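Novice: Chains D and Z, in that order, are what the protein sequence lines are.
Position 5 of the first sequence, counting from 1, maps to 4 under numbering that gives the first Met the number 0, and the rest follow consecutively.
Position 2 of the second sequence, counting from 1, maps to 1 under numbering that gives the first Met the number 0, and the rest follow consecutively.
No wet-lab data here; the hints were simulated from the structure.
One or more of the hints may lead you astray.
Said to hold, decoys possible - Restraint ranges, calculated between C-beta atoms of paired labels, are given here:
#1 Z/123 / D/274: 46 to 52 Å
#2 Z/399 / D/52: 38 to 44 Å
#3 Z/339 / D/267: 20 to 26 Å
#4 D/264 / Z/300: 47 to 53 Å
#5 D/264 / Z/98: 41 to 47 Å
#6 D/52 / Z/63: 22 to 28 Å
To be verified - Among the chain Z residues that face chain D by a calculated CB cut under 10 Å, a handful are:
#7 36
#8 45
#9 155
#10 212
#11 213
#12 218
#13 242
Stated by the list, open to error - Chain D regions said to be covered by chain Z (calculated; three or more residues, Cβ under 8 Å):
#14 72 to 78
#15 111 to 125
#16 202 to 213
#17 245 to 257
#18 260 to 266
All of these numbers come straight from a predicted model, not from anything done at the bench.
Ideal Cβ positions, reconstructed from N, Cα and C, are used throughout, including at glycine.
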Amino acid sequence: MFILITGLLLGGTYALIALGLNLQYGVARIMNLANGEMLVAGGFAAFWLYTAGQINPVAALIVIAPVAFVVNWLVYRFMLQPLVKRAKSRGALEVDSILATFGMSFAFVGIMTWAFGGGYFNYAFLAQPLEMFGSSYAQNRVVAFVLAVVIGGALWLWLTYSRVGLNLRAVAVNPASASLVGVDVRRASALAFALGGAVTATGGALVSMFFTLDASVGVLFTMKALIIIIMGGVGDIRGTIVAAVILGIAETAVARLVDPGLTLAAAYLLFLLVLLFKPAGLFGKARG
Amino acid sequence: MYRRTFTQLAAAAVALAAGAGMSLAQDTIRMGAAAPQTGPLAGGATVTHWPAVRLWVHQTNEAGGLQVGDRRMTIELVEYDDQTNPQQAIQAAQRLATQDQVDFMVAPYSTGMNLAAAPIFAQLGYPMITGTAVTDQQPALAQQFPNMFFVLGRTSIMAEDTAHVLVGMRDRGEIGNRVALVNVADAFGIEMAGISRGVLESNGFEIVYESSYPLGTQDLAPVIDGAKAANPDAFIAWSYPGDTFALTDQAIVQNFAPHVFFTAVATAFPGYAARFGDQIEGVMGMGGVNADDPAFQAFAEAHMEFAGQAPDYWASAATYATLEILGQAIEATGSIDRATVLAYLQDRSHEYSTILGPVNFNENNDNERYWTVGQWQGGVFRGIAARGRDGAVAAELFDGWN
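Between the sequences and the hints, there should be enough to build the whole structure, so can you do that?
Specialist: Shown next as C-alpha cells:
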C-alpha cells in the first residue's frame, strides 16, 4: 500500500512536470528544452510569493498560471514563430527549435540567477504528515497529486470535447491538413505553446512545495519530462498521465523492494521497453 | 566584415593598453576568482564560496589594503562563472592568468573543480590554497602539485570521526548497535559510506539498512521508509544539499526519529535551519565550527551585514581563511611575486592566524587541525568532533522532531 500510494504521488509529480511539454511538443511541434527552466521559474515565483507575501502556493497559481501563459505566448510569438515560418519540414523545425530553446534555457538560467541569486530555495508549506492506511505521507505531495489529477483531467476533457481542443488535436495530427479544413494553425500552435508553459509553471509552483530548487536545476526536469512524453506518446495527454503514474510506481517499487540506487535503471528499462514495443507511445497508433 | 574586425582590434588594443597601464601603476593587487555561479554546484557556492571571498576583499580594502613592503595595496577582484564545468574552470584560470594578468587566484569551489583546476594552477605557477577541497589524495596531490594546499581536512577522517561519535555514544550506553547507512551514489557518497561502514563494523555495530540513491534524487520516501522499517538506533546519510533537505523533510513526515540523525553536506547551511526551524535540534552533520569562538562570531556578523546572509557553519570560514593565509604570506614576504609567496607558503615552519584558529601546513600541504562533525544545538551548529581544535561540545541524543 505504501508503495502504491507513494508511487501514485510521485507519478502525479511527474505528470505535472511533463504535461506542459507534451502540449508544446505535441501540438506546437516545439521540442522545448527550456521547459525545465519554466518550471523552476514557476517554483521561484511561488517561493517568492510565499516568503514575501505569505501567499499560499496553491492560491498563488491564480497569478502564476496567467503570467506564465502570457510570457510563453510572447516567447512563441516573437522567438519561435520566425522559426516556424521558415521551416521547410517538421524535421527542420525540430532541429531549429531544439537549438533555439537550448539557447533560451541558458538565458533563463542567467535571468533567474540574476534575479534570485544562485542559492537553494525551499520553504515549508503543508510539510506535515497525512495518515492513510497506516503510513504517513506529506500533505503537500497529496495536494500536488490532487491538482495534477484535476489539471490533467481538465486538459483531457477540454482537448477531447471542446471545439478549440478539436482544433489543437487536428494540428497535432497533421498541421497541413488542419489548415485545409479551416483551422488557424498558427493561432492553435501559439495557444498550445502558451498553455503548455502555463501548465509547466503551475507544476513548478506545486513541486516547489517539496523540492529544493536552484536556478540551474531545470535540466533535470526537462530530461524527466522528455522520457515521460515519449513513453506516453507525443500529443497524448492520457498517455502522459498513464506513463507518469507507471514510472512513479515502478521507481518507488524498485526503490523500496530492490534498491533505491536502481530507480534510474528501472526508469530507463521501462523507457527502452516502450520504445521497442510501442514506439509511438503507450496508446499510440503507427502513423501512416 | 572588415569594419567589425577593425572595431574588435581597436577594442582589444584599448583593453590591452588599459591593462598595461594598470600593471605599470600597480597600487592594486589583482585577484582572480572562478567558481560556480550557475550549474549544479551554484547553490552551494552561493552559500559558502562567493560571499566569503567578496567579504575578505571588502574587509581588506576597508582596512586600507595589504601592507606589501613599504606600500599599501588594495585588492581588485576579477570574477568568472565556471558553470560547474571542469573545462570552463580550466579556461577561466587560463584567461585570468593570460588575459586579466591577475597576481593571485582564489582556488575554485568544491573538490571536483579544485582537482580539475589543479594542473593549470601548477603550470601557471599560482599558489592554490583550497578551502572546499576534501579528499584523501592530499599526499599524492601535494607531490604532483606542490603549489596546492588544503585547509578543510580529509574525507576519511570525517567519515571515521562520524563513526567514532556513534561508538562513543554506544559505549556510554546512550544508543544501541543498529545503524542505517545511506549515501548518494557518486564518488563522495560511496567513499564516505565505505569508510564509515568499516569503522562501525569493526566496532561491533550492525548495519541494519544500507542503500544508495542516484545523484539528484529528491523523492526519498522509499529510503526513509526502508530505514524506518529496519528500526535503527542511528541514521547516517552521506548526502548532498538537495537530498539532505529531502531526507530531513521525509523523516519528519514519516516521524522517523532514531537517536542519531546525521545528514552530510548542507546540514551546516543557514538555509537548513531556516527551512526546518527548531525541529532540527540534535541533528548531526558534516563539518562544524567552534561557534563560541569570538573570531568566528565576528566573521558571522560581518558576513551577515555584508552579504545579507549568514555563513554556513563549516566551509565558509575555511574559504575565508584561505585568503587570510594568502594575505599573510604576501605581507610577510613584502612581495606580490608569486614564486616568492609560494616559497613562503611551502616553508612548513610558518603559521597563519585565521578565523579557524592557527593554521599551518604539514609535509603534504595539509592543515591538520579541522572540524569533522557538528550538531545543531540550541539553534547553532556546533562542532562535536575535531582534529587538533579546541571547543568541541558533547554530542547529544536526538530526541525526535519537535
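Novice: What are the numbers of the hints the structure violates, in ascending order?
Specialist: Numbers 2, 3, 6, 9, 14 - these are the hints that the structure violates, sorted from lowest upward.
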